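Novice: Generate coordinates for the entire structure from the input sequences, incorporating the hints supplied.
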Amino acid sequence: MGERNTTPDVAAVFGDASEVFAELDEVLWEPISRATVLRAAPRFDERVLDVCSGDGASALPTAELVGPGGLVDAVDRSEPMAALIRERPGGHMPWLRVHVADASEWPYTGYDLVQCVLGVFFFEDVAAGVEHLVQCARPGGRVAVTVWAHGAFDPLPEALVAALDADEAAPTLDDGPAMPDAETAGSLAHWMAARGLVDVRADLVPRRLDLDPALAWRLVVGTGMRALLGDLDDAALEAVRDRYLAELAARGVTSVDASTLIAVGRRPDAPAAEPVD
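Going by full-length UniProt numbering, the sequence shown opens with residue 1, and the numbers climb by one from there.
It should be emphasised that the hints constitute simulated quantities derived from the structure, not laboratory data.
The model shown is predicted, which means the values in this text are computed figures rather than measured ones.
Just to be clear, a hint being listed does not mean it is correct.
Stated by the list, open to error - Ranges between beta-carbon positions, derived for each pair:
#1 HIS92 x ALA41: 20 to 26 angstroms
#2 GLU23 x THR254: 17 to 23 angstroms
#3 ASP199 x VAL20: 34 to 40 angstroms
We treat Cβ as the ideally placed atom computed from N, Cα and C, and that holds for glycine.
Specialist: In structure tokens form, the structure reads like this:
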């Protein structure tokens, strides 16, 4: 039985989970991405930076909307995730460019739209990372950020911790880098405005998932909760899965909240040049 690393490399964790991550497309990633793209409203011929792209759930529909006269740079730290984008239908659109890189250090600017669906928590410094994304937009350009709503997925992480082998050191539920106060749409909008945006609007997008055993476990191994499992071998994983499902049954958990908050704002226009006397 392997040790659990509670501070894993994010790209490695999601690279390991890439196949299961993709299995959640229909139930989770694609509906959330559609809601984001609807609000971000990519337009024909626009240049878009799609940050923490995962398997392309937001990048691909965005590329379809901007068309061959536009451009989408899809950036993710995980090579297996980038490979999933390339393998999906539409993943070879010439104007969809897939990059393996840290978006918090992305060097290019001037985008009409910068969007990040459920990815800002990957940044070591969330506030600084989002401020960098704002600077990647052109003056007057739009920035869209989607985060989990307060309490999303409760109590799945706690049930998972309870299911892990008590003979080993119990992992802690590290919240990771400081997150924006996303308890309400208003608080997220205020936080985004503090990052340098104007005309910010944020919405709560409610979503609830009915759980069966397969989905309940897939939400562990295909999301960030996978980090709590470390490098447990197959036999240990199977034992944890059984205890986890029993824990959910004991708690009477038959559904889980998967709501998100989506904020869209605009980088301020460049100030007008001073007249020359």
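Novice: Verify the CB-CB distance for GLU23 and THR254 against the hinted window 17 to 23 angstroms.
Specialist: For GLU23 and THR254 the Cβ distance comes to about 21 angstroms; the hint holds.
Novice: Taking the beta carbons of ASP199 and VAL20, is their distance inside 34 to 40 angstroms?
Specialist: Between ASP199 and VAL20, where Cβ atoms are some 38 angstroms apart, the hint holds.
Novice: If I claimed the Cβ atoms of HIS92 and ALA41 lie 20 to 26 angstroms apart, would that claim hold in this structure?
Specialist: Given about 25 angstroms between the Cβ atoms, the range holds.
The structure is consistent with each of the numbered hints, conforming to all of them.
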